[in-house]
Structures are given as structure tokens and as C-alpha cells.
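Chains as they are written, first to last, in this note's numbering: chain A, 353 to 499; chain B, 23 to 103; chain C, 278 to 799; chain D, -16 to 249.
For the record, the hints were derived by calculation from the structure and aren't laboratory data. This one's a predicted model, so the numbers in the text were calculated from it and none came from an experiment. Any given hint could be a false lead.
[Said to hold, decoys possible] A few chain B residues that face chain D, going by a derived Cβ cut-off under 10 Å, partial list only:
1. Ile31
2. Met53
3. Gly56
4. Ile57
5. Phe60
6. Leu64
7. Phe76
8. Ala79
9. Ala80
10. Thr93
Yeah, the Cβ is synthetic: ideal placement off N, Cα and C, and Gly gets one too.
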Amino acid sequence: MKEFFETSIEPHFNYWVYVILMMIGLWAVIAKNNLIKKLIGMSIFQTAIILFYVSVGVKKGSGIPIIPKAKEAAAGAGEHGAAGAVNPDLFANPLPHVLMLTAIVVGVSTLGVALAVAQQLFKDFGTLEEDEILEQIKTADKASPDG
Amino acid sequence: MIPIFDYIILIFMVIAAIISLKVKDLLSASMVFGIYSFLICLLWAEMGAVDVAFTEAAVGAGVSAVFLIATVYNTKRRSSD
Amino acid sequence: MADQFPAIIVLAPLFGALIVGLAGSRDHRICFPVVLVSLAVSLFASLGVFLQVLQSGPVSYFMSGWDTEKSVLGAGIELRIDAINGLVLIVIAVVSILVSIFSIRRAGEETTEKTPQFYVLFLLLTVGIFGMTVTNDAFNLFVLVEVSSLTSYALIAMGKARRGTMAAFNYILMGTVGASFYLLGVGYLYLKTGTLNMGHIHEVLTANGGEIGRSPSVMVAFVMILVGLWIKMAFFPLYGWLPNAYSYAPSTSGCILAPLMTKVSVYVMIRVMLGVFGWEWVFGHLGWNHAVVWLAVIAILAGSVLALAQRELKKMLCYLIVAEVGYMVGGAWLADSEGWGMTGAIYHILADAFMTLCLFIAASILVKRCKARRIEDLGGMFKKMPVTMTGFIIGALAMIGIPPTCGFFSKFYLIRGGIESGHWEFVAALILSSLINAVLFFRIFEIAFFGNKPAEGHGHEEGETSEQGSIGEQALSVREARLSTLIPLLVTAAIVILLGVFNGPVIAVIRSAIEPLIAVGG
Amino acid sequence: MKWFALIAVVITGSLLIYGVSDFPDWGDAQSPANAGAKSSTGEPIGESVSQFYITETGRLTHVPNLVTAVLADYRGYDTMFETVVIFAAGMAIFAILRVLREDKHTLGPPAKDTTADGDHGRIIVGTTCKILIPVIQLFSLYVVAHGHYSPGGGFQGGVMLGASFILLAVAKDLGSALTWFTEKRFMTLACVGILIYAGFGLMAQFLQRHFLDYGVLHVILPKTDEVMARSHSMLGVEIGVAFTVTAIMFAIYANLSSRGELKRGL
């Protein structure tokens, strides 16, 4: 058991958790009945992906992606040749962070629009339960197919 | 980069996610979702993604939770599931 | 100037949107000229860049100037235009200009005081679609997909129909899941290749005999990207959001979304297949073409049969879109050694955009003018609205696949691909779907030619509608549509025919762009 | 639906876990994402983008915070569209939710909501906010301006600035927040933010370079060379981002909390 944990779970623990979180989110999006719950599920789904990306960019033993004294380091690099001034292993990979800043912002924008649509639905139907809304649409359908 | 810390946060995140989806009171669900966001923000700070953590703290835990609460306030607080 | 064209294509509508956003709320009349000018600039730039591509091969444009001399490949974002997306760009520009003309009066009526916002969203949608087409960066594609999706959610939810709002909510959920799947796929690719530039990813995947390409996570990445894009394009099992969203949206929104969104997603799929993974990897290593073509066959048949079951005009057209997506996906996956299926699929993207636009404009006019949501309400329309119905007929003939129209030629190349690759089930599905379309549209023609407008408030069963009822007073008052909606309709109808008549050069351009991609794979 | 959901989730999950099985170990500094793809013999295929960012950013832009440099310069085009996404969201919410009526004096102060213990609550909350809001706003400006050297930048600062207005709206009422941050103002501010961003790009185009190629702006900006022009332009575009984000975050809240009427919020 311990051996299994160390060889297959431990090096990928973050990835396993991201899959679990993502599946929780996906399940909520499909199976939950309340629209707000669906949206919370959608947000969890998106954060799971962000967790995945950030985990990709981690380097053990590295610091945050801010190079103190960047100018001096660059000047040093100029003198001693291009390599050697900044050791890339000491800084976390910045690219996934940048991508995920974008993804977070996209996520909150989508959430905002979705909540606006949900409020509009509440104005129209008086409820946020999916089955009740579908029921109302069905009865409206029977009353007048054009509506 | 402390593995145990990492594991604890990850497990708490899963718990927070499940609770926020299980609670029938939508206001509580939004609050728990805020907690979830704070946990994930902590995790990112711990992984060295400070900018992402900063954004998540402001956006995920702050503004998204407020948006959710604003909507819950204007609609129904109880949910059937 | 000329070397700035790739950026101008995307930027012109963006600046247009900002100007409308700043000045539009003060004076609504400023909106339309700004929209038209900015889209015309885009069209001009697309044409210019297309000519450049024809003369000297694919054009690359490095954003922020981080080209391969100053930095490594993939550090900056690259826009890349080859002959295929050059064509797609021109189609997008033309379609959006036509829809904007169609919307001159419509937008004001349907969105009341929110016209400036409508135009801002409209232009941002075109920004997203243009951007998706030109970008050569996998992540940038995601951002632009989100730009176009967010605007399309809003364009659908703007309508007054409450079912449209519900459809928009479903679309948000499915669209976000789809985009997230795409993002995840890109993440898997990034994890394996360390880059986001599509060309660079392709290089890494094929390097050294393609050893990285053979790893399971690259396969998972492909599946995720594919499923994400399939949700966006409403491919068969994932089409649930489309019919309600497009048919209950305001007509101007429906007219811009229906021709462009699904087609551009198909184009993106083809680009990912050929440009990122490569012909050899997708068809040689993966070898799922049979399964996907069968899925496409089911999509075509299901779309056609469901369309046949609809009684509402717009919903019927929406299910036809589902079938058409089946054509394109199936064609792209035929994998015959000459690439005829792919040629047909790409040509069909162009053709279908105009066919769908033609039908949607005509249907919007009919729905608006005579309140004819349902097919049986179209009785006697030929007498009352001859011009509109002419446009509708041309679109319908193209959808069926009658020779001078472009619909015939796209089907011809798709069938040729099907025969050469031995996918007889695809050929059979195409022919069967054409027959169903013929039944579908000739039923409408019959009602419109010989039927009378049925009396109001009278419930009918299908089939007996055309005989009964008399011309009501309301029906008599229906007159021809106004010029601002007829011009785009007729122009579209003319393009549908012209694109068919002059299919030779278009096919030649597509062939010349595809052949090297096939040759690379071997 | 539940069974369908379960099946979909199980299939997707097992597919993803199948993909996970051949990932490089978590935290591996030599993984393809961190150090560029390598063939099985260990020779690199192409150059690593990530390592390029880490080693060369200091020389090329003089910005210590790599994330800011990548965000605003190398991938500035992405960031511009990220801002456009926010802008589109603001416009979308306006289009969906906003209730436009004939009587347009929607911005007047609404009636005070005085419930039984509401007043005491309001005094405590109000005083706290009075003290907090200026500090938050100052700090958010610092975050925007200091994005080159520390975590932060246009988005974070913008969201915080927007949040300070949201706090004002929550603590007092939406009306008093709207009295000076009116709808016209925040909609204009949102457009202006993107205009600033895209304007920097356009200026580079007018100077015969590619879009968003800030280096060439040293011609315009006083006392800068190519490298410092990049650094300064990044600050410029971050300010643009902050404008849009501030405006739209507040706009979204204002619309969501008042059901699009912009009269009284929570």
C-alpha cells in the first residue's frame, strides 16, 4: 500500500485531485437541478482546470517567478555570455500562471453573464429549478405551440 | 512546497466542493464556495503562483462570491437539491 | 501597410465596437455606419491578405514583434493565414456585412433601447470569430472562443422569448464545458510539448519519428480538444443546445450566429487536425476515422429526420444545421488518400455559411412579416412575397443540392471523397439526407405555392393544412419585405449561385493548400 | 439524468486518469513544460519557451516580475482579448438584464432601509467601511502601479478597485455608490480602458512595427530606450486593463444586485 502510494499516487497527487474536482464539477453541471448549483459546479470545473495548469508549472525547490534585480542579472549575463546569469530551475514557470490569470478572468465573466441569465429566468419563470422551468415550458407548449 | 500542507489543502478543497454542492441553502453554498476559493488560493500561493493566488483571492473568493450572493438575494434562497 | 493586414482584420471590428460603445448611447444612428465601415475594413484586409497568400504562400504575423529572430518560436503569439483560412475570413467578413445590413431596422425593433449594446456585441462576436480563424496559438484560440461565446450567449438571451433565455442558459453551461475541455486538451499538449504555438506543437509531436505523439496523454489531449470543439459546433450527440438557442434568439442574432459559429468551429477542428496533430497522426496513428464517420452518418440522418419532424420553420432549419455539421465532420474524417473528403468539407464550410444565411434571412422575414412560425402558416406566400420566396427557394435548392448552386458541388466532392475512401455509408447518408431535404423543402414550396393562409386560431394536423382555410384579412395585408432586408437576401442568393458556378478556382485554391499537408504525413 | 451524468463523469474521469498515468512527476523542473520537449535520447526539440522567459526577460524588458512581463508583453495580445472578454461580459449583462424605463431618474437616492437592528448595524458597518475603502483604493492603485516588481497588476488592482465600490454599495446602498460612479461613467471608463490598451498597440503600428510592439515607442516616450519603452508601455496597458476591470466589475455587481434596475441593491 505504502509502495503503491509512493510510486503512483504521490508524484501525481495534484493531478488526481484535479480529476476528482473536475468530475465533481461536471457531475454538478449535468445532474444538479438548481441553476445556481449548476453554476457553482461550473466554477469548480473551471478551477479544477486551473489547478491542473498551475501544477504543470511547478518546480520542486523553486521560488516565485520574480527575479530580484533583473537589470543587474541581465547585465551580468551580458558580460559573461548569455547563459548562466539566471538559473531557470530556481524560478517557477511563469507561462501557466499567465494563462491561468486569463482563465480566471474568463471564468468570472462567464459566471457573471450566467447569473444575469439566471436572474432573467427567475423573472420569467419565477423559479430556478430546472424541472419546474421545463414543466412550465411544456404546459405553455400545449396551450399554444407558437409561443 | 511542503507536501503534507499540500495534501491537507487538496483534501479540504474536495470537501469544500462537495459541501457547497450538497448544502440546500444557496447562501451557505455561496459562502462555502468562497471558502473553496480561498483554499485554492492558498494552494497556489504555496505552489509559487503568487499572481494567480492574488487574482483568485480577489476574483474567486471576493467578487464571484458577491455576485452569487447578489443573485441568491434577488431570487430564491432554498434549493431542492 | 500591407504587412499589417492580419492584425487589421481583427482590430477593425474591435475599434468599431469601442466607438459604438463610447458614442452609440448618445446617438443610435451612429451605430450602423461604424459597424459597416469597420467590417468593410476587415473585408478589405482579408482580401488583401488572401491575395498575398495566393502570391507568396502563408503569411505569418507576430504579435508584439516577438518573431523567431528576436525570441524563440512560441514566445509571442503568431497569426498565420494560409489559403484556407483566407477564404474563411472573406466568408466571415461578407456574411457579417450582409447581416449588418439586414439588421439596420431590425436591430432597432428587436432590441428597443439596447441597440448600441447589440452592435457592440455583434462586432465583438465578429472579432472573436475572425480571431479564432487567424490565430496560430492554441491558448489564444481559447480566449477568442470565449469572446465569441460570451457575446453569442448575450445575443441569444437578448430576445424577449423566455425559451430563448432558457436556451441561452443551457448554451452557457454546454459552451463553457466545451471551452474548458478544449483548454484542458491544450494543457495536456503543453505538458507534453512545452509550447503553445500550433506549428511548434506539430514540430514537437512529429519530431524523431513522432515518439512524443505516441504517448497516451497526447491522445487524451486530442480527445478533449475534439469533444470541446464538437460541443461548440453541435456535432451529433452534443447538439442539444443548438435548436432552441438559434430558433428563439432575436432574428438578427440568429442570422449572424447560425452561419458562422458552427462553421468556424468546424474550421478550427480541421486546423487542429491538420495543423497541430497532422494528417499522419490523426488518420494513421489514431485511426478512428471509421468511428467518427459513422458518428457523422448518424448525425446527418438524425438531423434530417428531426428536421422532418419539426413544424416550426426556424427549428427545422436548426436541425438542418446539425445535419450539415455532420457533412463537414464526416467529410473531414473520410481520410481518402487524395484528400477529396477534406476538400469537400472545407468547400462546404464556405458554401454552407451562405446557404444557411440565405435560409435564415428568408425565414426571419417570413416569421416577422406574416407571423408564420409554423410551416403550415406559409400558405400563399409566393403571391404575397415573391422576392423573399425566391431567395428562400435558392437557399433551399442549395441545401438539397441542385446543380448550379454551391450545395451541389460541395456534396459532389464529399461523395467523391466517400467513394474513394470506401465509406459507402457516408455516401448513402448524404444521398438520403438530400432526399429528405427535398421532401422537406418541396412540402414548404407546395404550401407556399398552392396553399392559402389558414384561418387564425384553427388547429390543424399535418398534411391537411394546405387544403383548408381561406385567405384571411390579415394574410392579405402581408406585403413584400423592406429593401434593407431584401438586399442582403438577394446578394446571398446570388453568392450561393456564383460560388457554385465558379467552384473550380475555389476548389483549386483549397487543393493547393491541402496537398502539402497531406504530403507531409506521407 | 443522474445516471447519464454518472456515466459521463466516469468515462471522462477514467480517460483523464489514463492521461495522467504518463505525466512527468509533479514538480519536475526538467519536464517538457518547464524545460522544453526532449526526444528520448535527451536532445531538445526546439527551444523552451518557459526558459526563454526566465532567462531573457530581464535583459529584454527590465521587468522583475516574469508574470507581468509575459502577460503584458510577450502574450499581450491574449491579455487584450482577456480584457475584451470582461468588456463583453459587461455589455452582455447590460443587454440581458438592464431594465430601461421611460422615467430615467434611476440614480436618485433610494429610501433608507431601516429594519429593527438595521441602524446599529449600519453605523458599525458604515464607519468601518469609511475607514477601509480609502485604504483599499490606495492599495489597489499600488497593486496596479507596482505590478512590475511584486505580484499584482492591472487585473488584481482593477478587481480590488471595483470591489471597493462594491463594498461601498453593500455597506451603504447602491444609490450612493452610483451617485458619482454613474452608469455613463463606468461604461465610458470600460471602453476607455481597452482603447488605452489597443491604442498602445496601434501606436506601434503607426511606427511601422507590429501590433503591440512596445519597443518602438521609445521614439515617443521621453528619455527611454527600447527596453525601458517596453517596461513603461506595460505599465500603460496595465492601467488600461485596470480601468476596464474596475468599471465592469462594478457594473456587473450593480446590475446583478438590483435586477438591472440600478435603483437599490442588496
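Verification of the supplied hints:
The beta carbon of B:Ile31 comes no nearer than 14 Å to any beta carbon in chain D, farther than 10 Å, and the hint placing it at the interface is violated. Checking B:Met53 against chain D: minimum C-beta separation of about 15 Å lies over 10 Å; hint violated. Here the hint on B:Gly56 is broken, as its CB sits about 13 Å from the closest CB of chain D, past 10 Å. The closest approach between the C-beta of B:Ile57 and any C-beta of chain D is roughly 18 Å, which is over the 10 Å cut-off, so the hint fails.
The beta carbon of B:Phe60 comes no nearer than 15 Å to any beta carbon in chain D, farther than 10 Å, and the hint placing it at the interface is violated. With a least beta-carbon distance of about 14 Å to chain D, the hint placing B:Leu64 at the interface is violated under the 10 Å criterion. At a threshold of 10 Å, the smallest CB-CB gap from B:Phe76 to chain D is about 5 Å, leaving the interface hint in force. Interface restraint check: B:Ala79 against chain D, minimum CB-CB distance 8 Å, threshold 10 Å, status holds.
At its closest, the beta carbon of B:Ala80 sits 4 Å from a beta carbon of chain D; the interface hint therefore holds under the 10 Å criterion. With a cut of 10 Å, the hint placing B:Thr93 at the interface with chain D holds, because the nearest CB-to-CB distance is about 6 Å.
Of the numbered hints listed earlier, those contradicted by the structure are 1, 2, 3, 4, 5, 6.
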